[in-house]
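Just so you know, the sequences run in chain order A, B, C and D.
So for the first sequence, this note's numbering puts the first residue at 41; every next one is plus one.
So for the second sequence, this note's numbering puts the first residue at 41; every next one is plus one.
So for the third sequence, this note's numbering puts the first residue at 41; every next one is plus one.
So for the fourth sequence, this note's numbering puts the first residue at 41; every next one is plus one.
Keep in mind that a hint or two might mislead.
What the hints assert, rightly or not - Output of the computed footprint for chain A on chain D, the stretches with three or more beta carbons under 8 Å from beta carbons of chain A:
| hint | segment |
| --- | --- |
| 1 | 115-125 |
| 2 | 181-192 |
Said to hold, decoys possible - What follows is a set of in silico ranges between Cβ atoms, one per label pair, in the way DEER data are often shown:
| hint | chain 1 | residue 1 | chain 2 | residue 2 | range |
| --- | --- | --- | --- | --- | --- |
| 3 | B | G384 | A | A86 | 28 to 36 Å |
| 4 | D | G191 | B | R160 | 32 to 40 Å |
| 5 | A | E280 | B | A52 | 19 to 27 Å |
What the hints assert, rightly or not - In silico negatives: residues of chain C with every beta carbon more than 10 Å from chain B:
| hint | residue |
| --- | --- |
| 6 | G58 |
| 7 | R163 |
| 8 | L330 |
| 9 | T331 |
| 10 | E332 |
| 11 | A346 |
| 12 | S352 |
| 13 | K371 |
Hints are computed from structural coordinates only; laboratory data are not their basis.
Think of the CB as a built atom: it goes at the ideal place given N, C-alpha and C, for glycine as much as any other residue.
Protein chains: 4
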Amino acid sequence: MRLKYGMVGGGAGSFIGGAHRRSINLDGEAVLVAGSFSRDYENTLATGRELGIAEDRLYKSYAGMAKAEAQREDGIDFVVVVTPNHTHYAICKAFLEAGIHVSCDKPLAVNTGQAFELERLAREKDLLFLVTYTYAGHVTAKYAADLIKSGQIGQVRTVMAEYPQGWLADVDSGGGKQGEWRRDPAQSGNTNCLGDLGTHVENIVATMTGLKIKRVLAKMDVVVPGRVLDDNDFVMVEYEGGATGLYWTSQIAIGHDNSLRVRVYGDEGTILWFQEEPEKITVIRKDGSLTEQHRGYPAITPGAAAYSRLPSGHPEGWFEAMANLYASFIKCVKAKKEGTFSRGMIDFPTVEDGAEGIRFVEACLESSRNGNVWVEY
Amino acid sequence: MRLKYGMVGGGAGSFIGGAHRRSINLDGEAVLVAGSFSRDYENTLATGRELGIAEDRLYKSYAGMAKAEAQREDGIDFVVVVTPNHTHYAICKAFLEAGIHVSCDKPLAVNTGQAFELERLAREKDLLFLVTYTYAGHVTAKYAADLIKSGQIGQVRTVMAEYPQGWLADVDSGGGKQGEWRRDPAQSGNTNCLGDLGTHVENIVATMTGLKIKRVLAKMDVVVPGRVLDDNDFVMVEYEGGATGLYWTSQIAIGHDNSLRVRVYGDEGTILWFQEEPEKITVIRKDGSLTEQHRGYPAITPGAAAYSRLPSGHPEGWFEAMANLYASFIKCVKAKKEGTFSRGMIDFPTVEDGAEGIRFVEACLESSRNGNVWVEY
Amino acid sequence: MRLKYGMVGGGAGSFIGGAHRRSINLDGEAVLVAGSFSRDYENTLATGRELGIAEDRLYKSYAGMAKAEAQREDGIDFVVVVTPNHTHYAICKAFLEAGIHVSCDKPLAVNTGQAFELERLAREKDLLFLVTYTYAGHVTAKYAADLIKSGQIGQVRTVMAEYPQGWLADVDSGGGKQGEWRRDPAQSGNTNCLGDLGTHVENIVATMTGLKIKRVLAKMDVVVPGRVLDDNDFVMVEYEGGATGLYWTSQIAIGHDNSLRVRVYGDEGTILWFQEEPEKITVIRKDGSLTEQHRGYPAITPGAAAYSRLPSGHPEGWFEAMANLYASFIKCVKAKKEGTFSRGMIDFPTVEDGAEGIRFVEACLESSRNGNVWVEY
Amino acid sequence: MRLKYGMVGGGAGSFIGGAHRRSINLDGEAVLVAGSFSRDYENTLATGRELGIAEDRLYKSYAGMAKAEAQREDGIDFVVVVTPNHTHYAICKAFLEAGIHVSCDKPLAVNTGQAFELERLAREKDLLFLVTYTYAGHVTAKYAADLIKSGQIGQVRTVMAEYPQGWLADVDSGGGKQGEWRRDPAQSGNTNCLGDLGTHVENIVATMTGLKIKRVLAKMDVVVPGRVLDDNDFVMVEYEGGATGLYWTSQIAIGHDNSLRVRVYGDEGTILWFQEEPEKITVIRKDGSLTEQHRGYPAITPGAAAYSRLPSGHPEGWFEAMANLYASFIKCVKAKKEGTFSRGMIDFPTVEDGAEGIRFVEACLESSRNGNVWVEY
């Protein structure tokens with residue numbers, strides 16, 4: 041049984057819409073049948089035709105789409121929301137209220153008020169809600185989480201996490217449309233770099249280690265002259281239980297493409313993980329032995345290994361990571377339909393995880409605004 | 041316009057069939073509508089249903105399928121052949137004779153007689169023929185070829201190419217079904233390792249450098265006791281024009297996953313390329329400066345860069361490489377249908393390239409059989 | 041002309057004494073002729089005999105040695121002080137007062153009072169004073185400084201520097217004698233990790249970038265239960281002119297041997313440098329091109345290249361870095377003797393640099409003690 | 041007790057003489073007291089004065105030096121021969137006949153006649169003879185040998201060894217004096233690249249694996265137009281017992297500094313070793329686990345670890361490798377003087393190992409000359 045899904049956003053000119061569609065296509069377990077790809081209906085029509093979607097399911101507005109699809113017998117099983125950040129809340133709310141499962145790009149919302157409301161609504165409606173923190177989908181990230189949970193590196197003591205990019209190093213550098221809205225407070229909220237990259241860092245550390253943040257001390261800087269929002273951020277973190285963390289996110293670090301890197305130091309060992317080389321992970325034991333393990337090796341835990349599509353040495357990457365989120369989400373949606381769902385099946389970032397990201401951003405903004413002081417969670 | 045394609049082979053238990061389907065899905069430019077997935081019709085039926093194919097297009101035999109699809113008005117635009125090596129010839133021949141474009145997994149055939157016949161037939165019928173040498177599809181491999189063609193490393197002097205794997209290091213190790221037929225002369229021809237891996241090496245070197253082999257001296261060894269076919273091979277190569285090459289392929293090299301590596305040394309510089317890290321390429325100039333370039337960088341030539349689907353730092357891998365072969369093939373098939381095709385559009389390995397691989401294997405077999413002597417091409 | 045030198049500390053059981061002697065031996069430009077190797081005179085005698093030193097120049101106390109050597113016509117040209125940190129001040133003072141040039145291991149002293157006094161004294165007596173921040177001696181570190189000074193990466197925006205080690209990850213792990221005194225407040229002052237590793241970080245960043253610290257915010261933690269002094273430290277830094285820095289030092293980071301790493305991000309490019317692989321340096325331009333340069337390459341600036349003893353590819357390491365400090369120091373001492381000295385000849389860390397390290401530590405201690413607040417310099 | 045040694049060759053303009061002296065200085069267990077540094081006596085005098093050697097021990101000829109030093113009561117304990125290859129034989133012979141232990145740079149001689157004669161003479165005179173194959177001195181190389189000898193990777197199946205350099209990529213490139221004699225048949229024998237680099241490869245493989253060569257098939261090419269001697273060589277090797285090897289040496293491989301790399305594949309695991317990164321070694325087990333071990337780790341075997349001078353993370357390199365050869369050689373010479381010597385103490389390449397290198401070169405020359413045929417040992 042293949043599921044049916046719809047998409048809001050992702051029209052001509054959008055990068056992320058196509059990326060989600062490609063990731064879902066990779067396994068072919070869900071088919072795109074409806075969309076409101078743009079606020080410009082011409083764009084929606086053109087995109088829809090290109091994608092082979094029936095014209096009656098190309099909608100002028102997300103609100104109309106939510107309503108219509110909810111009423112159709114063959115309506116969509118879930119919606120994918122890939123619009124600018126500041127619009128996530130209203131769109132997700134409309135679909136949740138229509139009783140439709142939601143996948144929403146991160147960051148979930150622009151403030152915790154919105155985030156907690158979506159969280160509440162999803163729970164109330166008993167709907168599944170995927171927030172697409174892509175990197176949590178990597179087999180090696182899942183494996184790292186399994187290793188830490190099972191005590192392989194002992195108790196976590198300190199976490200070094202960073203996510204530098206260099207593409208906004210110039211005042212007018214910038215990736216066109218993408219770069220623009222990321223630097224516009226109206227569309228991005230009060231942060232650019234930390235909101236975009238810091239939420240990934242917060243999520244991947246939480247996913248891998250299970251640590252809960254107790255308080256943060258942030259220094260959010262605007263480096264490039266003339267820019268309004270932060271483009272280089274330092275955060276000190278204290279977690280419940282006494283572990284500490286140090287995060288760095290940057291968009292002005294020339295030479296870094298998309299360098300999300302996490303290093304977790306426990307009292308029995310260390311784990312090193314790097315998003316740009318997701319096929320391998322380094323595990324170090326207290327005796328100093330450093331072992332590199334590859335996706336597809338016998339050592340990889342079964343739960344993580346289940347997401348491999350190719351033998352090791354045949355590189356998987358970003359699309360596969362995203363596809364892995366959808367693999368679990370789609371499996372859960374199917375189980376919901378078939379009445380076999382249980383919460384233990386969830387192996388993807390949820391609306392709760394999305395809300396944690398927004399909380400993190402808000403606490404950092406408060407810390408930075410007040411002169412880099414500790415802000416309790 | 042999305043094309044329609046059929047598949048021969050790729051039923052339950054097959055790895056490579058699913059890999060081709062996923063690669064084609066990634067871009068969604070062709071839809072699977074027909075198949076003869078197995079010699080076991082039950083398997084074909086089950087696979088076809090799972091893939092949502094209409095029952096009347098699930099065929100008991102490839103021969104029947106070729107005939108029926110050729111006669112349908114909505115018949116397939118091309119067929120994908122992913123059966124064991126020894127069956128490639130007959131199947132491809134049937135579809136070519138039916139006037140259908142062909143994509144066939146490598147190696148193309150088990151001897152040059154077969155290969156040249158397919159070459160002849162494709163030319164005679166004026167049909168497109170893709171041989172899926174996956175690694176030639178990597179953006180960085182295409183870029184390497186562009187660099188060399190435009191003289192960036194001067195005249196090529198020597199080529200070091202290797203493709204070691206470790207998965208058949210044990211007599212009974214072995215990847216189940218996959219391992220089995222690879223070690224069976226009846227299904228694989230007179231070679232295992234060189235036929236499988238050596239053809240990749242031959243193709244990627246030819247693709248990158250444009251060099252034509254003049255003669256080879258090969259030492260094909262059976263290392264694991266009890267095995268019949270080669271599992272570790274050395275080949276010395278002389279190319280037309282005076283350059284030399286040294287190739288190593290192995291299936292008993294513990295620790296290597298799928299380590300196809302090519303190093304090309306010219307009189308003005310050097311290029312280093314490694315399949316397991318396909319996102320980057322190293323270019324060294326005579327002054328010793330070593331530059332690492334990533335897929336997605338401005339330096340990447342436009343022809344190669346056109347195949348990127350994600351910004352650099354968002355890893356692409358094996359599926360994308362395969363998808364790139366199909367991207368060009370499908371574009372050409374469309375152009376054929378629309379009457380806009382010209383040979384210059386071909387940016388994929390063809391039946392001629394496939395035949396070169398078989399020629400290489402036959403020359404090496406002769407050399408090895410005769411005590412590691414030079415065999416002229 | 042070979043110089044004569046003496047040593048205080050470095051008897052049997054000392055690691056660092058032998059390391060200094062070996063480094064000086066490498067070039068053979070100075071000969072050890074006197075010593076007070078231990079507070080235990082038997083140790084001094086035994087060490088001295090083993091090293092072939094005349095008995096009349098083996099001293100019971102550093103004070104006696106300073107006096108006696110100052111009076112001999114063939115007295116030592118300089119002294120090397122390799123005793124525990126808390127004794128540096130008194131010993132260096134004695135030799136400075138005796139008019140003898142000094143090389144002292146880092147950290148220079150245990151507080152700024154001591155450090156500034158040594159600085160004053162050296163200036164007053166017009167004596168040369170080397171503080172052996174080993175890593176500043178690497179050819180590639182000198183090259184990095186040259187590149188930055190000449191504007192190759194534009195204006196520095198942010199600096200990421202870290203120095204993790206793992207050898208004190210356990211409460212009782214730890215390198216015997218060495219580990220002991222490092223964890224003892226009486227011998228190490230009020231810090232262990234930051235005093236030892238943080239001073240290296242402060243120095244190498246200052247050496248490479250020329251940046252002056254304006255203020256620091258430090259979080260100095262004791263991670264291993266039962267320990268008294270810090271073993272894991274985070275520091276946020278603001279430099280004059282607006283650049284920022286983030287430092288991490290740790291002794292509990294399992295898997296790291298001696299991993300001093302500096303990354304400097306400018307508005308025109310980036311420099312990556314790693315102490316454990318000192319033979320290479322990575323320079324990235326704004327266009328994304330990443331160039332790896334090796335010690336011994338034509339690109340290396342002449343001032344840095346002059347310190348190479350071997351062609352590139354023949355690895356140099358820690359002894360050579362230390363030897364490079366001595367090479368410049370000894371050259372300056374000779375020039376002093378010959379009346380040809382000028383301050384521009386100094387290419388080694390001086391007492392002023394040593395004092396900067398102590399200032400850094402004191403500011404961090406104050407910040408950490410007061411709840412991780414900014415402390416102005 | 042420090043030994044006394046003399047040197048033949050190593051005058052002004054020589055690179056290797058200073059390299060030997062520095063390596064011996066590092067430990068300070070032997071002192072240079074005599075020399076005939078050049079055929080030009082003025083050079084010998086100038087070099088000797090600079091090194092602080094008494095004038096009566098600066099000799100006009102090696103023959104005179106051998107005779108005079110043999111007669112002095114305080115004569116040298118050993119001689120270091122660092123002259124061009126074609127002169128090694130006569131000089132070593134003179135010192136052996138004078139009863140003086142010898143250290144000679146590799147390659148030992150220019151033909152096996154010379155090599156076997158030196159071997160015979162050393163045995164007859166019961167003298168120690170070190171051939172300075174530097175790379176055999178690396179702690180990690182010794183560790184690799186220990187691992188293989190103790191069966192950690194099972195039975196060796198195939199060896200991939202290469203030693204590419206790029207410094208002679210141009211017809212007139214070339215390192216001045218050094219480059220010149222290496223390309224001159226009169227001084228280098230009938231080979232340049234294989235004689236220089238191939239002997240290192242032969243030795244390090246033999247040292248690590250203990251394998252004995254049965255036969256070779258070599259292709260020795262002159263790549264750079266106008267050159268007389270080989271600059272790019274391929275060699276296929278068969279060892280006794282059935283293992284195989286593939287060697288590549290090159291001086292025209294732009295981008296390689298000094299890239300001696302050895303990969304040993306056994307039926308239980310694999311060892312990867314790279315001379316340019318001698319601080320680490322990679323060991324892979326059959327289960328695919330890849331472990332990187334560093335010099336100084338507990339896993340390093342005691343016999344190898346004994347040669348470490350610094351903790352891991354404090355890089356050691358080329359001088360230390362050379363110093364390690366001398367450490368064992370000097371220890372054996374001392375033991376000879378004290379009557380405590382036994383052959384089991386020898387942990388350095390001997391005249392027998394040196395002769396093996398010459399045998400290898402001669403067999404390769406014969407193979408290449410005869411059209412790349414197998415030549416039995």
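Comparing the hints with the structure gives:
1. 115-125: violated (count 0)
2. 181-192: violated (count 0)
3. B/G384 x A/A86: 28 to 36 Å: holds, 30 Å
4. D/G191 x B/R160: 32 to 40 Å: violated, 55 Å
5. A/E280 x B/A52: 19 to 27 Å: Distance hint for A/E280, B/A52 is violated at roughly 48 Å.
6. G58: holds, 36 Å
7. R163: Fine: 43 Å to the nearest Cβ keeps C/R163 off the interface.
8. L330: C/L330 is in fact no farther than 10 Å from some Cβ atom of chain B, at 5 Å.
9. T331: Per Cβ check, C/T331 is inside 10 Å of chain B; nearest 5 Å; violated.
10. E332: Answer for C/E332: violated, closest chain B Cβ roughly 5 Å.
11. A346: holds, 18 Å
12. S352: Given that some Cβ of chain B is not farther than 10 Å from that of C/S352, nearest at about 8 Å, it is violated.
13. K371: holds, 29 Å
The earlier numbered hints that this structure contradicts are 1, 2, 4, 5, 8, 9, 10, 12.
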